[in-house]
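With chain V fixed as given, assemble chain U onto it according to the hints.
Protein chains: 2
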Amino acid sequence: MEKFAMYGKLIAHPGKRDELAEILLEAAAMLRDNEDCELYIVNVSDSDPNAVWVTELWSSQDAHASSLQGADTSGRALIAGAEPLRLKPLGGKGF
Amino acid sequence: MEKFAMYGKLIAHPGKRDELAEILLEAAAMLRDNEDCELYIVNVSDSDPNAVWVTELWSSQDAHASSLQGADTSGRALIAGAEPLRLKPLGGKGF
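For the record, the sequence lines run as chains V and U.
So the first sequence is numbered by my numbering: it starts at 1026 and just counts up by one.
So the second sequence is numbered by my numbering: it starts at 1026 and just counts up by one.
Pulled out of the complex, with its shape left as it was, chain V reads as follows:
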């Protein structure tokens, strides 16, 4: 099975970015024991004050999809939009 990667861009409602980032960091902590989740890094940018990017790497696309079931939805009200970029990771350092 091929690994699955994603750059999950989320756009927070104005003023809600940091709160959203905190929720996503909590989500990352919850994934600590999920062996299918290899990376779940939360990022922000100086150039876009409303965006949060999550760098994701999973053992498979199915594993990623499964993780969304029952996922905590407490952040949903903070999110104005989402622009996920799904990728096929080939290899490299940290792969």
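Just to be clear, a hint being listed does not mean it is correct.
The list makes no distinction among identical chains, and a pair is therefore deemed to hold if it is satisfied within one copy or across any two copies.
[Claimed, not checked] Within a straight-line C-alpha distance of at most 25 Å, the following computed SDA-like cross-link-like pairs (lysine to any residue) qualify:
{"hint": "1", "residue 1": "Lys1113", "residue 2": "Ala1102"}
{"hint": "2", "residue 1": "Lys1034", "residue 2": "Pro1074"}
{"hint": "3", "residue 1": "Lys1113", "residue 2": "Cys1062"}
{"hint": "4", "residue 1": "Lys1113", "residue 2": "Gln1094"}
{"hint": "5", "residue 1": "Lys1041", "residue 2": "Gly1116"}
{"hint": "6", "residue 1": "Lys1041", "residue 2": "Glu1060"}
{"hint": "7", "residue 1": "Lys1113", "residue 2": "Asp1071"}
{"hint": "8", "residue 1": "Lys1041", "residue 2": "Lys1113"}
Rather than coming from a laboratory, the hints here were simulated on the basis of the structure.
Below, chain U without anything else, positioned relative to chain V:
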């Protein structure tokens, strides 16, 4: 010092994507012993046949900048464009 992350999107000349990806995978292998480089994952996408994305995580922005000095330029002729997205990683799994 804050860590530094980047989604390095490179657009290859038509038909050159796979060759560019191979060169970047070699670059990743060369970074194996660089302790400042935490991630250097090479990705492609089904939706964009010319693009390669490199998921990068460095101990600092300076460390990333230093790595570019003396970097192998053999891939440059394959690259039609670059759209780097520089990020501030906050934390998470794999951070």
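Cross-check of the supplied hints:
1. Taking CA atoms no more than 25 Å apart as the test, Lys1113 paired with Ala1102 passes between copies only; the shortest distance there is 24 Å, against 30 Å inside one copy.
2. For the homomeric pair Lys1034 and Pro1074, the shortest alpha-carbon distances inside one copy (12 Å) and between copies (21 Å) are both at most 25 Å.
3. In this assembly of identical chains, the alpha carbons of Lys1113 and Cys1062 lie at most 25 Å apart whether taken from the same copy (15 Å) or from different copies (21 Å).
4. For a Cα distance limit of 25 Å, the shortest separation of Lys1113 from Gln1094 inside one copy, 22 Å, qualifies, whereas the shortest one across copies, 28 Å, does not.
5. Taking CA atoms no more than 25 Å apart as the test, Lys1041 paired with Gly1116 passes between copies only; the shortest distance there is 18 Å, against 35 Å inside one copy.
6. Within a single copy, Lys1041 and Glu1060 get their C-alpha atoms no closer than 30 Å, and across copies no closer than 35 Å, so neither meets the 25 Å cut-off.
7. In this homomeric assembly, Lys1113 and Asp1071 come within 25 Å of each other (Cα to Cα) only across copies, at 8 Å, whereas the closest approach inside a single copy is 27 Å.
8. For the identical chains of this complex, Lys1041 and Lys1113 are inter-copy neighbours only, at 17 Å across copies versus 31 Å inside a copy, given an alpha-carbon limit of 25 Å.
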